[in-house]
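Asks: Throw the hints in and build the complete structure from the sequences for me.
So the protein sequences, as listed, match chains E and F.
Using the UniProt record's numbering, the first residue of the first sequence is number 1, and each one after it goes up by one.
Using the UniProt record's numbering, the first residue of the second sequence is number 1, and each one after it goes up by one.
Simulated from the structure, these hints should not be mistaken for laboratory data.
All values derive from a computational prediction rather than experimental measurement.
For every residue, glycine included, the Cβ atom is placed at its ideal position computed from N, Cα and C.
Honestly, I wouldn't trust all of these hints.
[As the list claims (entries may be wrong)] Cβ-Cβ distance ranges computed for the label pairs, FRET-style:
(1) E:161 - F:157: 45 to 53 Å
(2) F:17 - E:161: 48 to 56 Å
(3) F:157 - E:123: 31 to 39 Å
(4) E:130 - F:200: 25 to 33 Å
(5) F:9 - E:60: 32 to 40 Å
(6) F:157 - E:93: 55 to 63 Å
(7) E:219 - F:27: 53 to 61 Å
(8) E:158 - F:35: 45 to 53 Å
(9) E:130 - F:172: 21 to 29 Å
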Amino acid sequence: MWDIITSSLPQILAAGIKFTIPLALISFAIGLALALITALVRISHRGGAFSIIKGIFRFYVWLFRSTPLLVQLFIVYFGLPYLRIPGVLENGIKFSPFIAGIITFSLNTGAYASETIRASISSVPNGQWEAASSIGMTRGQTLRRIVLPQAFRISVPPLANSFISLVKDTSLAASITIVEMFEVSQQIAAQNYQPLIMYTLVAVVYAVFCSILTFGQGYLEKKTNQHLDQTEG
Amino acid sequence: MKLQGLNKSFGANHVLQDIDLELPERATTVIVGPSGSGKSTLLRSLNLLERPESGLYQLADLQIDFSKKIPAKQVLDVRKKTGMVFQDYNLFPHKSVLQNVIEGPVQVLKRDKNEATKEAYELLAKVGLKEKADFYPDQLSGGQAQRVAIARSLAMHPEYILLDEPTSALDPELEGEVLKVLADLANEKQSLIIVTHNLFFARQIATKIVFVEDGRIIFDGPTKDFFNEQQKNTRIHDFISSMTFTDIDEGTVNN
Ligand SMILES: Nc1ncnc2c1ncn2[C@@H]1O[C@H](COP(=O)(O)OP(=O)(O)OP(=O)(O)O)[C@@H](O)[C@H]1O
Ligand SMILES: [Mg+2]
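Replies: This is the structure:
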């Protein structure tokens, strides 16, 4: 058994470094940016033509939160090449598996994280908005300098959760032909007929990755939570 | 500072009804009245945190008509001229005491940061908290936090400082240190408008008293007259006797 582990672990780790980690990191970074934009659009007080933009973002969040991630991956990778609009789009939209993965994971993370950020912003006490506007700060200044820094601290634990989920969800990328860790372990299991060992091994690798992240989360929480206490409760 | 025909409703609740009021400069005006009578709403309207539906508001050279949309520039001008101190302080918890004080001068008044810092230390010294400049709000007692809030508001050089029950969240032994800072400001002729339930303090510090009940002004005049009026005016009498300060009648008037 030890032989199996020492011979296959390097291949699994290589797939992790090549696909799992980049997929998770890049998608999370893009997803967070998307989430922040989405949250800011959705809490904006602007009306008029802007409410159409708000509607689009609301639709986006609804769409990605109410459909399975695996189905989203299939639509983007297998489905979009068949998207044909006569005269406009004749050959569909084709992405490489990796790009399709990044797009789907980013959009999915963005939808969930935007709700986290929105909730964090609204959990900053109203008194903070009032104190800032009472000294003449604009809405933008108040958001940037007073509310978002506090919202960020509140959102660290739930966002870290999203990131950990994302790391595990990248295993779904195996289904769109990305040779990430889970796909590699499947391939090896098909050759050595040791599915129990191989899938347990890959599970342990995911668990180690996620434990490192949990540790990082603890550190970040401790650092950002200094002085977050509201003296006034 | 002058209000004319101010009206404010929350839904069907007509909270301020045809308020006419003059709030003198370089004086201390204390607003009193039962809970829910509209004191906070009145005070917050002066800083435009509440927007009445109608009425005229004159502040120095600014003229505001609440029945019209107020341009952003005017809102900013009003806020520069009126500092606000809240019952629960509302300090920025992620910023140090010093950063709390210089936030407005640097971000809103666009003052030089070094200059603003220098002045912030002076203001903190004035409220007795110079050595707390690098502390964070969660490291302060309530009385200290409220004194920082007062320094934060002074840093904007407002013409008026509006205080909404500044000591109501404090234990009695911490109340004194905040009241002392306010008394000092009053002596320096800083214009103050204070909502408080502390009639004993009102009697000591107020130049004039405004008594609000059910969204209307029942009394508006010199402090002495307010306490003398209670024999004649049953509403003032009932209000004063509903307060727990038994020593009001014996207290001396310092005005
Ligand atoms: N944001 C709001 N929305 C709806 N109603 C409000 C709002 N703020 C105040 N009110 C109502 O307006 C009335 C006056 O409230 P206000 O806070 O001005 O009273 P107050 O005199 O300051 O009372 P207290 O002494 O308890 O602080 C109350 O009936 C209150 O319920
Ligand atoms: Mg009040």
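Asks: Decide, hint by hint, whether the structure agrees.
Replies: For each hint, the structure was consulted:
Taking 45 to 53 Å as the suggested C-beta distance range, the pair residue 161 of chain E and residue 157 of chain F conforms, at roughly 46 Å. Hint check: residue 17 of chain F to residue 161 of chain E, Cβ distance near 51 Å, so the stated range 48 to 56 Å holds. Look at residue 157 of chain F against residue 123 of chain E: about 33 Å separates their beta carbons, and that is inside 31 to 39 Å. For residue 130 of chain E and residue 200 of chain F, the hinted distance range of 25 to 33 Å is satisfied, since their beta carbons lie about 29 Å from each other.
In this structure, residue 9 of chain F and residue 60 of chain E meet the distance hint of 32 to 40 Å, their C-beta atoms being roughly 38 Å apart. The hint said 55 to 63 Å for the Cβ distance between residue 157 of chain F and residue 93 of chain E, and at roughly 59 Å that hint holds. Range check, residue 219 of chain E to residue 27 of chain F: Cβ separation about 54 Å, and the 53 to 61 Å hint holds. The hint said 45 to 53 Å for the Cβ distance between residue 158 of chain E and residue 35 of chain F, and at roughly 38 Å that hint is violated.
Look at residue 130 of chain E against residue 172 of chain F: about 27 Å separates their beta carbons, and that is inside 21 to 29 Å.
Comparing the model with each earlier hint shows a violation of hint 8 alone; every other hint is respected.
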